[in-house]
Structures are given as C-alpha cells and as structure tokens.
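> Spelled out from the first residue to the last, the chains are:
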Amino acid sequence: MDEPTILDAQELEINMGPQHPATHGVLRIKLKLDGERVLDADCVIGYLHRGVEKISENRTYTKCLPYYDRTDYIAAVSNALGYVLGVEKLMEIEVPERAVYIRVMMTEFNRIASHLLWLATHALDIGALTVFLYCFREREEILKLFENLFGARLTTHAFRIGGLWMDLPPGFQEAARRFIDDFPVKVDEYEQLLTNNRIWIDRTKGIGVISGDEAIDFGLSGPPLRGSGVPYDVRRARPYGGYDQFEFDVPVGENCDTYDRYLIRLEEMRQSRRIIQQTLDRLPGGPIRGKVPRIIKPAVGEYYSAIEGPRGELGYYIVSDGSAVPFRVRIRPPTFINLQALKRMVKGHLVADVIAIIGTLDVVLGEIDR
Amino acid sequence: MSEENKPGQPAPEGSAIPAGSGEAKEAKPKPPAAKKPPVKKGPSYEELTDDPLLKDLRQRFPSGVLSGQSFLGQPIYTITLDVLPDVMLYLRDSDEWAFNYLVDLTCLDYIGDERRFCMVYHLYSHKTGRLIRIKARAAVDEMVPSMTSLWRTADWLEREAYDMFGVEFSGHPDLRRILLPDDWLGYPLRKDYDIKLQDQAWIRNHLRIRKVPE
Numbered sequence: 002m003d004e005p006t007i008l009d010a011q012e013l014e015i016n017m018g019p020q021h022p023a024t025h026g027v028l029r030i031k032l033k034l035d036g037e038r039v040l041d042a043d044c045v046i047g048y049l050h051r052g053v054e055k056i057s058e059n060r061t062y063t064k065c066l067p068y069y070d071r072t073d074y075i076a077a078v079s080n081a082l083g084y085v086l087g088v089e090k091l092m093e094i095e096v097p098e099r100a101v102y103i104r105v106m107m108t109e110f111n112r113i114a115s116h117l118l119w120l121a122t123h124a125l126d127i128g129a130l131t132v133f134l135y136c137f138r139e140r141e142e143i144l145k146l147f148e149n150l151f152g153a154r155l156t157t158h159a160f161r162i163g164g165l166w167m168d169l170p171p172g173f174q175e176a177a178r179r180f181i182d183d184f185p186v187k188v189d190e191y192e193q194l195l196t197n198n199r200i201w202i203d204r205t206k207g208i209g210v211i212s213g214d215e216a217i218d219f220g221l222s223g224p225p226l227r228g229s230g231v232p233y234d235v236r237r238a239r240p241y242g243g244y245d246q247f248e249f250d251v252p253v254g255e256n257c258d259t260y261d262r263y264l265i266r267l268e269e270m271r272q273s274r275r276i277i278q279q280t281l282d283r284l285p286g287g288p289i290r291g292k293v294p295r296i297i298k299p300a301v302g303e304y305y306s307a308i309e310g311p312r313g314e315l316g317y318y319i320v321s322d323g324s325a326v327p328f329r330v331r332i333r334p335p336t337f338i339n340l341q342a343l344k345r346m347v348k349g350h351l352v353a354d355v356i357a358i359i360g361t362l363d364v365v366l367g368e369i370d371r
Numbered sequence: 021m022s023e024e025n026k027p028g029q030p031a032p033e034g035s036a037i038p039a040g041s042g043e044a045k046e047a048k049p050k051p052p053a054a055k056k057p058p059v060k061k062g063p064s065y066e067e068l069t070d071d072p073l074l075k076d077l078r079q080r081f082p083s084g085v086l087s088g089q090s091f092l093g094q095p096i097y098t099i100t101l102d103v104l105p106d107v108m109l110y111l112r113d114s115d116e117w118a119f120n121y122l123v124d125l126t127c128l129d130y131i132g133d134e135r136r137f138c139m140v141y142h143l144y145s146h147k148t149g150r151l152i153r154i155k156a157r158a159a160v161d162e163m164v165p166s167m168t169s170l171w172r173t174a175d176w177l178e179r180e181a182y183d184m185f186g187v188e189f190s191g192h193p194d195l196r197r198i199l200l201p202d203d204w205l206g207y208p209l210r211k212d213y214d215i216k217l218q219d220q221a222w223i224r225n226h227l228r229i230r231k232v233p234e
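Quick note, the sequences are listed as chains Y and F, same order.
Just so we're on the same page, this note's numbering is the position in the first sequence counted from 1, plus 1.
Just so we're on the same page, this note's numbering is the position in the second sequence counted from 1, plus 20.
There could be a bad hint or two in this list.
No farther apart than 20 Å at their CA atoms in a straight line, the calculated lysine-lysine pairs in the PhoX-like style are these [claimed, not checked]:
#1 Y:K31 - Y:K206
#2 Y:K33 - Y:K206
#3 Y:K64 - F:K216
#4 Y:K344 - Y:K33
#5 F:K216 - Y:K55
#6 Y:K145 - Y:K187
#7 F:K147 - Y:K55
#8 Y:K348 - Y:K31
#9 Y:K33 - Y:K292
Hints listed in this document are in silico derivations from the structure and should not be mistaken for laboratory results.
Since the structure is predicted, the reported quantities are computational estimates derived from the model, not experimental observations.
Please take these sequences and the hints and turn them into a complete structure.
Okay, here's the thing in structure tokens:
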C-alpha cells in the first residue's frame with residue numbers, strides 16, 4: 002500500500018530565470034515545488050552587478066551622478082534627485098524656487114512613467130496584452146517630455162548639484178498641461194480594462210498577502226508597504242525637496258494583497274498628476290541654479306538623504322572625508338529590500354502566482370544588483 | 021587622489037594675481053578682503069547635549085555608549101560592539117522609542133584604524149517618526165552580532181556587507197555572498213581593493229577570457 006508509484010508527488014527543484022521574460026531582467030529564483038505549489042523560493046541575484054558604490058568612491062561628486070541613472074533605469078530622475086539633495090545638504094547650497102518646482106514636477110512625471118511601465122508589464126505577465134499597449138502610449142508622451150528637457154529618454158542625467166542644467170524649453174509647459182489634462186481619462190481606461198475584470202481579480206485578490214507588521218519586519222517600503230496598511234511615505238514622513246508645499250493624499254490598502262497594491266499604484270498616478278498640476282499652476286520665475294562652487298568639496302561629515310522613489314524609500318548615505326571624492330556613497334535600494342519578502346510571499350502559492358508576486362513587488366534588477 | 025585636488029581649493033581665497041598686477045588696482049581688491057571673516061566652513065558635528073534618548077541609553081548602558089552627536093540635524097549614537105544587540109533590542113521594543121523599522125544597514129572601511137570597520141544602522145520609528153543612526157566599530161577579525169533575529173530586513177543587508185567588506189556576522193542563518201559569485205576572491209568595497217583589481221583567475225575560468233586586462 003505504501004509502495005511508491007510513479008504518480009507519487011516528489012519535491013521538485015526548478016530554476017525560474019535568469020532568462021525569463023517575467024522576471025524583469027535577470028532575476029533567478031530557485032523554486033522548490035510540490036506539484037504546482039511553491040514550498041520555498043531562493044532568489045539568486047547579482048547578474049547585473051557593476052559596482053556602482055565602488056565607482057562612486059573613485060569619481061568626484063559631480064561625476065558620480067550619471068551612474069545613478071543606471072541603477073534604477075526606469076526611475077532615473079528620482080535617483081538623481083536623492084543624490085543631488087544629499088550633496089546640496091552637505092555643501093549647504095541653496096536651490097532656487099523655480100528649480101525646486103521643476104524638480105518636483107519631473108520626479109512626479111517619472112513616478113507616473115514608472116508606474117505605467119509597471120502596470121504594463123504586470124498586466125502582460127498575467128495575460129492582459131491590451132493594457133500594455135495603452136500604458137506604453139502614455140509613457141511615450143512622458144519620455145518625449147524628458148527628451149525635450151533633459152536631452153535623453155531613459156538615462157536622463159536630470160538634475161545638477163545646485164539646480165538644473167537648462168530651463169524649460171519653449172512649449173514644454175503646454176505639452177505638460179496637455180498630458181495631465183488627458184491623463185485622468187486614460188487611467189479610467191486602464192481601470193475599465195482591469196479593476197472589475199474577473200480574470201484580473203481572480204489572479205490578484207488574496208495573492209501575496211503580507212500583514213503590516215510583517216511588512217515592517219521585512220523593511221518593505223513604497224506601495225508594497227502601503228498596500229499592507231502602513232501609511233509610510235517619505236514625502237510625508239520626512240519632507241524633502243519642497244514636497245511640503247504641495248497637497249496630495251497617500252493611498253493605503255486594506256487587504257494587503259496584490260490587488261490592493263494595484264489600486265494603490267493607480268491612485269498614486271492620480272496623486273502625482275495632482276502634484277504636477279500644482280507645480281504648473283504656481284511655477285515661479287527666476288534662476289534655475291544656485292551658487293555652486295567650482296569644486297564640490299564638502300566638509301567632513303555624513304548625510305542620509307532619502308526620497309520616496311516610485312518603488313519605495315531610496316536612500317543615499319553620503320560620507321565625506323573633506324576631499325573632492327566621496328568617502329562612501331551607500332545606496333539604500335528599495336527593491337533589493339522589497340525583493341527579500343518574495344520568499345515569504347510566494348509560499349503556498351502556485352507557480353503562476355510567483356509571476357504575479359514578482360510583478361507586484363515591481364523589481365528592477367539594475368537597482369537590486371547595482 | 022585627494023592630494024592632487026588640495027592645491028585647487030585655496031585658489032578662490034588667495035589674492036596672488038591682483039597683488040602682482042599693478043599698484044593702481046591695489047585699492048580695489050581690498051573691499052572683498054574686508055568681507056573675509058564670515059568664511060563658509062560648512063556644517064560640523066555637534067555634541068548632543070539635551071537629548072532624551074542619549075540620556076536614556078547612557079543610563080541603561082553606562083559603559084556601552086561612547087558618544088552622541090548630530091550632523092545636519094541627524095542624530096548619531098556611537099556604541100560599543102558588545103552592547104549592540106541589547107541596545108537594538110531595547111530600541112525596538114521600548115514603548116517610548118519604538119524603532120520598529122530597520123531602514124538600512126551598511127559598513128564603512130576606515131583602513132589603518134585598529135577597529136577598522138564601522139557598522140552603520142539607520143533606524144526609523146513609525147510611531148514617533150524619528151530617524152536615528154547607530155554606529156559601532158569592529159576590528160577585522162571581530163564577529164559582529166547579527167540583527168536577523170530582530171529584523172528580517174537584516175538578512176540580505178548583512179549578506180551584502182559580508183560580500184563587499186568581509187565582515188562576519190555571528191548568528192546569521194545563511195551567511196554567503198549575495199551579489200558576487202560564491203567563489204570570488206576579495207572584498208571589493210574595502211579601501212585596499214583597487215577599482216581596477218578583479219579576481220583574474222575567476223574571470224579567466226568562467227568568462228573564458230584568456231588575457232584579462234591589468
């Protein structure tokens with residue numbers, strides 16, 4: 002009776018990735034399976050490691066900046082903001098109001114672009130192709146704005162220490178306004194496709210549940226933390242870069258699952274649009290760059306500059322030894338820390354749900370591996 | 021590298037060029053010279069004097085707390101390595117402070133110092149909204165107590181510190197490299213690891229590159 006037969010279930014170990022379209026880069030997960038159920042998961046990362054922190058110790062403060070575009074390449078503008086704010090604090094540089102507003106505006110555009118890419122690929126992974134095409138349609142408009150202002154679409158090198166490189170080009174404000182006027186209708190379109198879609202609900206409700214306390218224990222930040230009911234947003238908790246001048250809401254989830262995190266990101270896009278509207282309405286005139294010394298040489302000291310990136314708390318811990326080269330720049334990568342919770346979140350789910358959970362964590366391997 | 025840059029700094033203050041360029045102009049450079057006294061020195065470390073958390077820690081761990089400073093408004097508490105687990109446990113669980121969120125864990129390498137590594141912990145409290153920094157120095161052969169039993173965040177962060185600095189953590193359940201290959205030699209973020217230095221043998225064997233550029 003107890004004789005093993007060919008149908009007896011055995012634990013099976015398989016590799017998901019590194020070359021797998023749904024792992025958003027080169028994430029490899031060693032899955033331990035019992036049939037279709039996941040017993041355990043172990044992430045293998047580092048395939049994209051380029052040693053950005055080591056490079057930073059060998060470049061001047063200004064020359065470090067372009068490298069941070071290439072960590073989280075979906076949110077290059079946010080990355081630049083975090084670092085630039087930190088160096089400005091250390092150098093005690095005053096940034097003119099106009100530059101502050103433009104920075105907030107572009108960072109929020111970046112948040113929308115990043116969330117659009119997330120929604121597109123997340124829906125595509127789960128099987129909804131149409132959303133992908135819709136999202137890329139809007140993302141393209143934002144990338145055109147980036148190209149107009151920064152001269153690049155992806156690796157933007159957006160901000161400079163002390164302000165901006167260039168003022169807004171002619172026609173920029175009109176184009177930005179046109180985008181945000183149209184955008185709410187577009188978000189409603191995504192909602193029409195997904196929010197009440199039965200397949201979408203079946204695939205996301207109750208998947209990857211993680212309670213608020215556990216989320217804090219795992220150090221989650223960004224939408225995964227807020228999806229678990231913790232209203233922690235760095236823009237609110239420790240306002241930086243002029244964010245205290247703008248009104249916006251911080252959406253919080255209740256059910257701690259993939260579906261709630263989806264709703265939160267959609268709401269965040271609407272809130273970002275609200276912030277952009279305010280920056281455009283109140284955009285002050287004046288210079289775009291403060292007084293910056295020729296050589297950036299902060300006094301001996303350290304500063305932890307954190308911002309709320311699209312994926313969570315992005316921190317730069319900059320330590321200066323008084324020379325023109327940073328002693329250490331530690332990047333606190335939000336997705337590296339968020340990905341740690343994957344092991345816990347996939348347990349007991351089906352293999353197909355692993356894809357949904359990778360999607361809901363919104364990983365970018367360039368930042369995880371740095 | 022920093023040595024090369026040093027001569028560049030005094031240039032804005034020095035008045036070597038106007039002084040040598042003629043008597044007539046000598047009257048003009050004088051007014052800026054009068055403005056000199058408020059020399060911008062930049063921010064500096066300040067001792068925390070009236071900080072309730074520092075007082076509380078000093079009372080509970082009299083020998084363990086070395087200093088309390090603040091830089092640009094961010095408080096820094098330096099403690100000894102042996103009280104680190106107790107201090108962290110206290111900070112996390114006390115009702116008053118409730119630092120329930122480990123924001124970041126990293127390491128600094130002060131090469132040449134007796135206690136070479138400086139462990140840096142950023143803690144945040146969702147209850148009070150405070151962010152603090154805890155520092156503890158460790159020697160190369162010293163084991164740093166692991167924080168994995170307090171916060172699960174620490175798992176990968178400690179693996180990264182081990183990977184990049186070679187800091188060993190006692191009590192970590194799964195201490196192995198995370199970003200670099202398992203059989204890599206050396207710890208890249210140490211200050212004596214040159215940026216051009218690579219594990220030549222590893223590259224030759226795994227990437228089939230016969231001649232690795234020096």
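> Tell me, in ascending order, the numbers of any earlier hints that this structure violates.
1, 2, 7, 9
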